[in-house]
Amino acid sequence: MRSFTYERAGSPAEAVAAAARTPGAKFIAGGTNLLDLMKNEIETPMHLIDVNGLALDKIEATPEGGLRIGALVRNTDLAADPRVRRDYGVLSRALLAGASGQLRNAATTGGNLMQRTRCPYFYDTNQPCNKRVPGSGCGAIGGFSRGHAVIGVSDACIATHPSDMAVAMRALDATVETMRPDGSTRTIPIAQFHRLPGDTPQVETVLAAGELITAVTLPKPVGGTHIYRKVRDRASYAFALVSVAAIVQRDGTGRVALGGVAHKPWRVEAAENQMPRGAKAVTAQLLMGARTTPENAFKVPLAERTLAAVLAEAKGDA
Amino acid sequence: MKFDVPASTNPIDQLKVVGQPIDRIDGPRKTTGTAPYAYEWHDIAPNPAYGYVIGSAIAKGRIASIDLTAARSAPGVRVIVTANNAGPLGRAERNTARLLGGPEIQHYHQAIALVVAETFEQARAAAQLVRVDYVKARGSFDLAAAKDSATKPTGITTGAADTAVGDFAGAFAAAPVQLDATYTTPDHSHSMMEPHASIAAWSGGKVTVWTSTQMLDQSRGDLAQTLGIPKENVRLISPYIGGGFGSKLWVRSDTVLAALGARAAGRPVKVALTRPLIPNNTTHRPATIQRIRIGATRDGDITAIGHECWSGNLPGGKADGAVNPTRLLYAGANRMTATRLAVLDLAEGNSMRAPGEATGLMALEIAIDEMAGKLAMDPVAFRIRNDTQVDPENPMRPFSRRAFVQCLRVGADRFGWSRRNPRPAATHEGRWLVGSGVAAAIRGNVVQKSAARVRLDNRGVVTVETDMTDIGTGSYTIIAQTAAEMMGVPLDKVLVRLGDTAFPASCGSGGQFGATNSTSGVFAACLKLREAVARKLGFNAADAVFADGQVSSGARSVPLSQAAGESGLTAEDAIEYANLDKTYAETTFGAHFVEVGVDALTAEIRVRRMLAVCAAGRILNPKTARSQVIGAMTMGVGGALMEALAVDKRLGFFVNHDLAGYEVPVHADIQHQEVIFLDETDPVANPMKAKGVGELGICGVAAAVANAIYHATGVRVRDYPVTLDKLLANMPDLTG
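Going down the list, the protein sequences come from chains A and B. Under the numbering used here, the residue at position 106 of the first sequence is numbered 1250, and the numbers go up by one with no gaps. Under the numbering used here, the residue at position 77 of the second sequence is numbered 183, and the numbers go up by one with no gaps.
Next up, chain A with everything else stripped away, as it sits in the complex (with noise of 0.2 angstroms):
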């Protein structure tokens, strides 16, 4: 760990000014991800902005009858919301299907979007990895690639996002608020917010330099039966090779996203056209053009496989 500062923000306009004097600063919240890649020193911030007591830990009713939740709600918190629980089921499943119950703890809302990939290579300082050194190369292409990407991958990159979260927010049309260092705020929509590897894996959302998430935002509920099924090869504590939250009606229409198979929560609004047919003719357009390795091949027909068990459940044929 390199030795850095250390100040504590007391508003979201105090946290961003000082991102904005200090080059190289970054937020910490939960710090359940940050801590580890300074330890390694894969990430490497000189001053560290703590955002805790920031008073973004509400969850709020918004008048267009969804929920506004702030960035530092902590994971164990927005599960057990019981709004969350009875409205957008999905995210609470998300959730608790992630990490444990000490992480889920301390983790927040808007550290769960920031967390980075858990690719091996991106871990080991010694090892090739285009996100933690751009141009040194990607050791999981040609290497051990089991847990990795499928669909939207780069030459530079086949790394995934880890989270669950946000692969239930981007079912449900999530948005992120945040403030940037000038003051001012934006909100992205959740399939904007982070991105592809391309030829810039070390970028992973959209979000400028000292840009500060506030708080996410779920639209009005839309009601139908909430599931997130997450695959793994131990019942508990790994992350997804393959997750499913998806969100079906009774007439069989509904929205997927799939987790544990991109550089970000996996959906395709088109393919959901498809989800009367079945889950082979929605994942044949979800996963279309998918490019993938010896070792994971197998996530494409495990979505789809997924996916058939989770439309199974919504039917109530399992």
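No lab work stands behind these hints: they were computed from the structure. All of these numbers come straight from a predicted model, not from anything done at the bench. One thing to keep in mind: the hints can contain errors.
Stated by the list, open to error - Restricting the straight-line Cα-Cα distance to at most 30 angstroms, the calculated cross-link-like pairs of lysine-lysine (DSSO-like) are: (1) B:Lys-136 x B:Lys-122; (2) A:Lys-1202 x A:Lys-1364; (3) B:Lys-253 x B:Lys-832; (4) A:Lys-1459 x B:Lys-832; (5) B:Lys-642 x B:Lys-122; (6) B:Lys-242 x B:Lys-755; (7) B:Lys-242 x B:Lys-253; (8) B:Lys-832 x B:Lys-755; (9) B:Lys-832 x A:Lys-1424; (10) B:Lys-755 x B:Lys-122; (11) B:Lys-688 x B:Lys-634; (12) B:Lys-253 x A:Lys-1183; (13) B:Lys-337 x B:Lys-634; (14) B:Lys-122 x A:Lys-1183; (15) B:Lys-634 x A:Lys-1183.
Fit chain B to the supplied structure of chain A, relying on the hints for placement.
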């Protein structure tokens, strides 16, 4: 005492204390955090500096140059130890690669430097300033590719390179029913909770190391040899150990570097290996490729059985003894085994829980299941039919005890095996395909010399001292039970002191030999103490009765406290074995039954219930023994379903080298576990009439799981771990 004839009736047979399910006597210290582990001796080794180990960034080659300038001037740094300044170092025979590498690099994450600083954080930060230029060399990292270059090994974890009885080739060719299949097992990491850790402090030319080792006396010698100092100048202290599973049988880099760092810094230095360093820096269970051929009559009698195993290791390393269980488990007049070893430039392969049997039975017990399928026989019945009561390689040599058939029968009964539909892929419960599987367990009883000292004081307290270790197994408790039984005192009058080379040398912990040999050593020492007590009182030792804190002979009865007198009485002895283990095959047996559910769509696998039936002689403490078997079964499930070090065959290292990437089972993976111990004694084994269980519990488990998955799905996987991706292609298409 020399153990050269089977045990007759002795004080242990009273079973007032031994054989009782007593809570661990060290439990309160562990659950309250007051049992100091290797890294925690702050009070005894005060003001330590902290060492941080740097591992090689390449798998093979040499260090061209190493630049310590920036690191040396970093805050808090005291010294940096490298091969350039460490002075000449020896290498113990039990270490294949050097524990401090450079300039030659033998494997990835081989230690190349120790940065010593005032705090751990300073040492870690400075370590990241060390600049190393390497010259890479080509290495061999792919077992399948190196298989054809494998040769006859000079060392094997257990057994011989080649065995042959009868005419295997002829009998196999002539057999009306044949199986010829190849199985693979991956590299495994021990993944014990406590990492390798040591604190070293020098005084004059003598070093004391508080460390985490399974084998004190052996490690004492090996550390002395590495440092080039007399064995008497090394003291190791290791009373509490957070798991080992074979990874702590050997002196590793933490111990050597702590000693070197402390010598250079002139003060105590503590070193713990970070988790990501452990899989590539230390040892692991090596991967295997195994070919098994079985020939049988149509009635199901095995006529030919052959088992070949290929594994890899660094030059000079040992081969995995996977073929070993096949030599003793089933009948068959024509037999062969062969063990071959390829050179691989991965970290050193070595013992991990039940080395040989664990990997061998992963393959053999699938093969037996497959053979039963070919014969259309029930797999339990096929195993019973091919039981043998003598060593099949040497029919003149009986087993000391062999209750294998009883294990199978009791297990089948308790598990409800008869209700099983023998047809694969025929049982459904909702979304789950349900299947059950069985496998045999066999693991040797290893005899080892083990010494102890016992002292009786004027309060009637019996103190036992031996350098035996408790690696989480319950050694403290069973040793206390042994002494209490022998001396006729309650448990609270026994004090057990372990894990210090100042005490008599024990067998240590490993190879499931710890419990039986260490308690037998205590038995021997207690016999001597009883004699001393009797002699002092003028009793005839043979008919003195030790009970309730008294020693009695005829009408006379004297409290032990009084017998001890002011100066107390001390006795020391060791158990030593003649050749009963050559005359008899001394072996433990078991049967594992497993039920799994496999999701019909996603092929996710969950273990619904497990049952182990064990025949291992007298069970010294059913509670601690059960914990051992439950833990071993869990580790077996890991091997079946998820554990595998992923080899990067280009870059030459285990990629998933932490506990996020190397998954071991969690509670949610296994819903129910049950253990049955057959009521048995084995007087041929030792005076305790006991055998080990800690490794028997893992033997065969993975195959039982794999067989259950086959029964559930109809998909046979011969390549561990059995993960869902290996099932998917052959699962029914229900996606619609």
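Where does the structure disagree with the numbered hints, that is, which hint numbers, in rising order?
Those not satisfied are hints 10, 12, 14 and 15.
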